[in-house]
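J.: Here is what each chain is made of, one letter per residue.
Protein chains: 2
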Amino acid sequence: MSSSTNSHSGDEKACTIAPGQVLEASQATTEQLLRHAVELARQGVRKRAGGPFGAVIVRKLPASEHSGKQFVEILASGHNCVLKTQDPTAHAEMVVLREAAQRLKRRNLSDCELYTSCFPCAMCYGAIWWAKIPRFWYASRSEDAAGAGFDDARIYECLRGTGHADLRGEHVTIAEHHEPFEEYLDALKHGLSELY
Amino acid sequence: MSSSTNSHSGDEKACTIAPGQVLEASQATTEQLLRHAVELARQGVRKRAGGPFGAVIVRKLPASEHSGKQFVEILASGHNCVLKTQDPTAHAEMVVLREAAQRLKRRNLSDCELYTSCFPCAMCYGAIWWAKIPRFWYASRSEDAAGAGFDDARIYECLRGTGHADLRGEHVTIAEHHEPFEEYLDALKHGLSELY
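Those sequence lines, one after another, are chains A and B. At position 57 of the first sequence (counting the first as 1) the number is 57 in our numbering, and the numbers step up by one without a gap. At position 124 of the second sequence (counting the first as 1) the number is 124 in our numbering, and the numbers step up by one without a gap.
Quick caveat, the hints were computed from the structure, so don't treat them as lab data. Incorrect hints may appear among the rest.
Distance ranges between label pairs, derived from CB positions [unchecked claim]:
| id | chain 1 | residue 1 | chain 2 | residue 2 | range |
| --- | --- | --- | --- | --- | --- |
| 1 | A | A146 | B | P62 | 29 to 37 Å |
| 2 | B | D111 | A | G68 | 52 to 60 Å |
| 3 | A | H190 | B | H171 | 39 to 47 Å |
| 4 | A | G68 | B | A146 | 17 to 25 Å |
| 5 | B | A28 | A | P62 | 22 to 30 Å |
If you only want the chain B side, here are some residues facing chain A, beta carbon under 7 Å, derived [as the list claims (entries may be wrong)]:
| id | residue |
| --- | --- |
| 6 | F71 |
| 7 | Q86 |
| 8 | P88 |
| 9 | S142 |
| 10 | E143 |
| 11 | L185 |
Where a beta carbon is used, it is the ideal one built from N, C-alpha and C, also for glycine.
Between the sequences and the hints, there should be enough to build the whole structure, so can you do that?
T.: Dropping the structure here:
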């Protein structure tokens, strides 16, 4: 399912970004990582893997005691793979988030940062949130994506309660609907520290 | 990664809902599927697999020519597995969406419907959207989840532009940011029908 890729097409800029690599954090590094995300997006289109979106996720390493310099380690990089995998959730951000969590063997990625070729859709924004990533960088804005026909804006409109709600949710109350929450709260009382 | 489960704990109601099963569509079936989603949510808590959320996804079968009756086939069912898998994206809805797409070998699930124990978070709402599912049913409301400490509401606030934006996105313009979109639009002009 994951789609880490570090292969290079002939005409692209020299790029050595690969999982495991350590880079010094700087404005130049931020731009380098965003350029790499954009290059991955291009590669995804060329491979017909999915939409024109790429992402890179890094882990912030503890600052060097001697120099005070900050370094980041590349955890995962990839592009949209919806077409290649026929998984409608395989957006670039999802692909790298899942791969990074697998690599670190933990769901909490609060020491990580994400670089994406374009502002994330609502699904990916939510996923970044749940992974507890505090900050992400993006190169293209939602409006740029909309200009290429990607209708993230309509999801945002639905979530904002503006415009027509294309995706309808029907509320049906059943007697036992609250039981899972009660069971969860009870587990919390009995020593469970966190469960989601 | 998927977590289809049809096992039963001792005290639950008799339940025969399993992938592959065909049910006649009716109000009673809707409630039955929601009760099953709720039961899966309880099982998820008991197994310490993840948060108290469950979901079922069905495929609508063509209406019978003779009787005009509508039937649905169970494609996948599961619960939140974030803790079990250490995948921060493994919410119940994501788990069943991914499993259903894998089962059908296609990303377009527009002939499917989803039943979830609770109104989906922004990530899952977006995923349901991208899978082109036209309608979903839910048992508990976001407010019910919030009462148990699940802070989906804060994501929605960020997406709505209200309240404090806990998750910050930083926009950095790099010269080539629009190239993937151009490449995509060019591919569309040269015969590619759809790419995401």
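J.: So, for every hint listed, does it hold in this structure?
T.: Each hint tested on the structure:
| no. | hint | verdict |
| --- | --- | --- |
| 1 | A:A146 x B:P62: 29 to 37 Å | holds, 35 Å |
| 2 | B:D111 x A:G68: 52 to 60 Å | holds, 58 Å |
| 3 | A:H190 x B:H171: 39 to 47 Å | holds, 46 Å |
| 4 | A:G68 x B:A146: 17 to 25 Å | violated, 42 Å |
| 5 | B:A28 x A:P62: 22 to 30 Å | violated, 58 Å |
| 6 | F71 | violated, 19 Å |
| 7 | Q86 | holds, 5 Å |
| 8 | P88 | holds, 4 Å |
| 9 | S142 | violated, 10 Å |
| 10 | E143 | violated, 11 Å |
| 11 | L185 | holds, 6 Å |
In summary, the numbered hints that this structure violates are 4, 5, 6, 9, 10.
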